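Trainee: The lines below spell out each chain.
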Amino acid sequence: MLHKAPPEGDAPFRLLADDGAAGGDLPSFDEHALWHKLCLARAVEQLARVPGAASSEAALAAASMLRDGDWVLASPSLALASLARLSPAEVLAQLHGTGADHCKGRQAPGHPSSRAARWLSTSAAATHLPQAAGLGWAARLAGKEDVALALFDEEATASGDFHVGLNFAAVYRAQCVFFCVNQRRAETGSPGVAEKSRAYGMSGVLVDGGDLVAVLAVVEDALARARAGQGPTLIEALAADTQPRWRAFLQSRGMWTQAAEDAQVKQASDEISVADAAAQAAAPPDVTTLWQDVFGAK
Amino acid sequence: MPVFNLIQAVNDALRIEMRRDDRVVVLGEDVGKFGGVFRATAGLYDEFGPNRVVDTPLSEAGIIGAAIGLALYGLRPVPEIQFSDFIYPAFDQIVNELAKFRYRSGGEFACPMVIRTPYGGGIRGGHYHSQSPEAYFAHTPGIKVVIPSNPYDAKGLLLSAMRQDDPVIFMEPKRVYRAARGEVPDGDYTVPLGQAAIVRPGSQVTVLAYGSMVHTCLDAAKASEAEGFDPEIIDLRTLLPLDVDTVLSSVKKTGRAVVVYEAPKTCGYGAELAALIAEKAITSLEAPIGRVAGLDTPFPYTLENEYLPSAERVALAIREAVTY
Chain A
1 MLHKAPPEGD
11 APFRLLADDG
21 AAGGDLPSFD
31 EHALWHKLCL
41 ARAVEQLARV
51 PGAASSEAAL
61 AAASMLRDGD
71 WVLASPSLAL
81 ASLARLSPAE
91 VLAQLHGTGA
101 DHCKGRQAPG
111 HPSSRAARWL
121 STSAAATHLP
131 QAAGLGWAAR
141 LAGKEDVALA
151 LFDEEATASG
161 DFHVGLNFAA
171 VYRAQCVFFC
181 VNQRRAETGS
191 PGVAEKSRAY
201 GMSGVLVDGG
211 DLVAVLAVVE
221 DALARARAGQ
231 GPTLIEALAA
241 DTQPRWRAFL
251 QSRGMWTQAA
261 EDAQVKQASD
271 EISVADAAAQ
281 AAAPPDVTTL
291 WQDVFGAK
Chain B
299 MPVFNLIQAV
309 NDALRIEMRR
319 DDRVVVLGED
329 VGKFGGVFRA
339 TAGLYDEFGP
349 NRVVDTPLSE
359 AGIIGAAIGL
369 ALYGLRPVPE
379 IQFSDFIYPA
389 FDQIVNELAK
399 FRYRSGGEFA
409 CPMVIRTPYG
419 GGIRGGHYHS
429 QSPEAYFAHT
439 PGIKVVIPSN
449 PYDAKGLLLS
459 AMRQDDPVIF
469 MEPKRVYRAA
479 RGEVPDGDYT
489 VPLGQAAIVR
499 PGSQVTVLAY
509 GSMVHTCLDA
519 AKASEAEGFD
529 PEIIDLRTLL
539 PLDVDTVLSS
549 VKKTGRAVVV
559 YEAPKTCGYG
569 AELAALIAEK
579 AITSLEAPIG
589 RVAGLDTPFP
599 YTLENEYLPS
609 AERVALAIRE
619 AVTY
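Top to bottom, those sequences are chains A and B.
Positions 1 to 298 (the working numbering) are the ones given, in order, by the first sequence.
Positions 299 to 622 (the working numbering) are the ones given, in order, by the second sequence.
Hints are computed from structural coordinates only; laboratory data are not their basis.
On a predicted model such as this, the values are computed, not experimentally measured, just so you know.
Hints may be right or wrong, so weigh each one.
A few chain A residues facing chain B, derived, Cβ under 10 Å [what the hints assert, rightly or not]:
#1 GLN107
#2 PRO109
#3 THR127
#4 GLY134
#5 ALA142
#6 ALA297
Where a beta carbon is used, it is the ideal one built from N, C-alpha and C, also for glycine.
Throw the hints in and build the complete structure from the sequences for me.
Mentor: Now the structure itself:
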């Protein structure tokens with residue numbers, strides 16, 4: 001089921017009206033699980049003073065649509081999206097870089113990484129885009145349905161790796177979804193990101209990033225295209241406040257009350273507090289770990 | 299036993315490993331239907347098809363970046379960078395990404411990959427087709443650097459490189475691609491990484507070289523021999539990991555050392571060798587450590603033979619060391 005054809009023109013795709021009423025076919029997703037993850041991201045932002053929860057929400061929603069075998073490669077500005085696939089304990093441990101971090105404190109905050117979750121972080125704007133192309137290409141070569149989702153913001157479009165990644169993905173019909181959260185901060189002469197897709201010969205979608213249900217819908221479509229061997233998709237989510245329409249949507253489904261939201265926020269806050277305390281209480285990585293993992297065993 | 303040149307030996311190693319391990323994927327500019335500008339991948343496309351011998355867009359950052367993705371997924375990419383001078387657009391992907399995936403993920407993500415690339419001067423290629431960038435990569439923790447000088451080692455080292463789990467820069471001395479010929483066993487064998495070879499035993503001075511400079515040093519040794527000197531020539535074969543024991547025990551035996559490399563002299567790999575010898579064997583030295591290297595200039599076109607270390611310059615350094 002396609003929720004929307006690739007965009008022609010400038011109007012971002014929306015599914016929710018301001019009052020939360022859905023104006024089309026809804027994607028299939030677990031409202032409670034996503035609501036909880038969104039609250040976790042807000043709780044990390046508040047408790048650990050990590051910025052970016054609001055801008056990460058569309059990316060978090062996108063990542064929540066994946067299967068276990070899929071991969072995610074993310075820019076640090078969208079690090080809180082990792083709560084879609086990593087536990088609060090893992091995210092907080094990486095944030096503090098203590099011995100609780102299974103990456104041994106090797107990276108600055110905002111670079112969560114997990115083999116089990118197939119989640120990779122970069123510090124650069126777009127170096128992960130060619131890598132995502134390689135992962136999505138490998139999945140196609142292997143005859144698997146796995147998809148690589150690259151999360152980045154509009155600053156990435158200034159980098160050569162943006163072009164390189166999209167070009168390689170298109171050439172090899174890599175099973176990729178390139179998901180750009182456009183916060184409209186980049187120095188650029190271009191009117192948008194999604195429209196660049198046509199130049200690469202891939203599908204492109206412009207979506208209202210303040211409408212999380214619309215984001216889920218276009219990601220669901222893009223994943224389906226990728227899994228079916230129909231090539232990669234470039235999605236541009238225009239950043240906007242997600243909370244009003246998300247609340248209205250939940251209310252329209254009979255799920256939202258102030259009390260229910262308070263309970264969600266409290267539960268998330270408690271989970272993050274526990275994870276934060278545990279991460280901070282752990283000793284630093286042992287000094288002998290400095291020399292580990294430069295090379296493999298054989 | 300067949301006699302191969304260095305290109306044929308590389309080609310043989312690739313074919314053997316692709317038959318043995320279906321995770322091996324060769325990719326690069328013109329490596330597929332055309333078989334590579336130096337013919338290193340000739341015939342592989344016909345045998346293994348377009349999904350395993352892949353012509354890529356002309357983007358080195360894309361070749362290496364995508365190869366990282368292939369490796370993360372579980373394949374064994376063997377990308378070719380057509381000339382090592384073209385490797386700089388991929389430098390960020392190699393140095394900041396490929397080299398560090400294992401470390402930055404606490405050992406969770408490995409990127410096994412062998413980047414083959416022809417390097418060095420002497421083919422009238424000018425500075426875009428002649429440079430020797432090995433020191434940049436030897437300076438990058440997380441990458442191994444392998445440079446064979448002859449067909450036997452090229453095949454055995456390449457097979458070893460493709461069977462271990464770390465990124466390797468495999469630099470092929472293109473000046474001797476066809477000139478270096480030798481017997482190469484049929485079928486499978488390996489030359490271990492991290493082991494130097496003493497290619498001419500001697501008693502008076504240790505001469506350290508790799509790649510095409512090994513041949514220059516062997517020519518120099520003939521001239522030195524005629525002068526009555528007895529140099530020991532060591533082919534390092536692997537720059538990282540370096541066979542420190544072989545280097546130091548030779549220097550301790552001869553009491554003299556000359557390092558030879560064709561990259562610019564300043565901060566070249568030979569500078570590290572000189573520092574190592576000074577650090578670990580200075581009390582054995584009877585003469586200053588000699589350095590014969592390329593000039594501290596960009597690689598020239600017309601005057602490349604004046605730029606490159608010659609057998610005469612190496613023989614002079616041998617004489618200076620022994621008669622100090």
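Trainee: Does the CB of GLY134(A) sit less than 10 Å away from some CB of chain B?
Mentor: holds (2 Å)
Trainee: Holds or violated: the hint that PRO109(A) contacts chain B, with Cβ atoms closer than 10 Å.
Mentor: Violated. Min distance 13 Å.
Trainee: Checking hints one by one. Is THR127(A) an interface residue toward chain B, by the C-beta closer than 10 Å rule?
Mentor: With Cβ-Cβ at 6 Å, under 10 Å, it holds.
Trainee: For the hint on GLN107(A), does the least C-beta distance to chain B fall short of 10 Å?
Mentor: Check passed: Cβ of GLN107(A) comes within 5 Å of chain B, closer than 10 Å.
Trainee: Would the hint on ALA142(A) be counted as holding, given a Cβ-Cβ threshold of 10 Å to chain B?
Mentor: holds (7 Å)
Trainee: Does ALA297(A) pass the interface hint, meaning its C-beta sits closer than 10 Å to a C-beta of chain B?
Mentor: holds (7 Å)
Consistency with the previously given hints fails for number 2 only.
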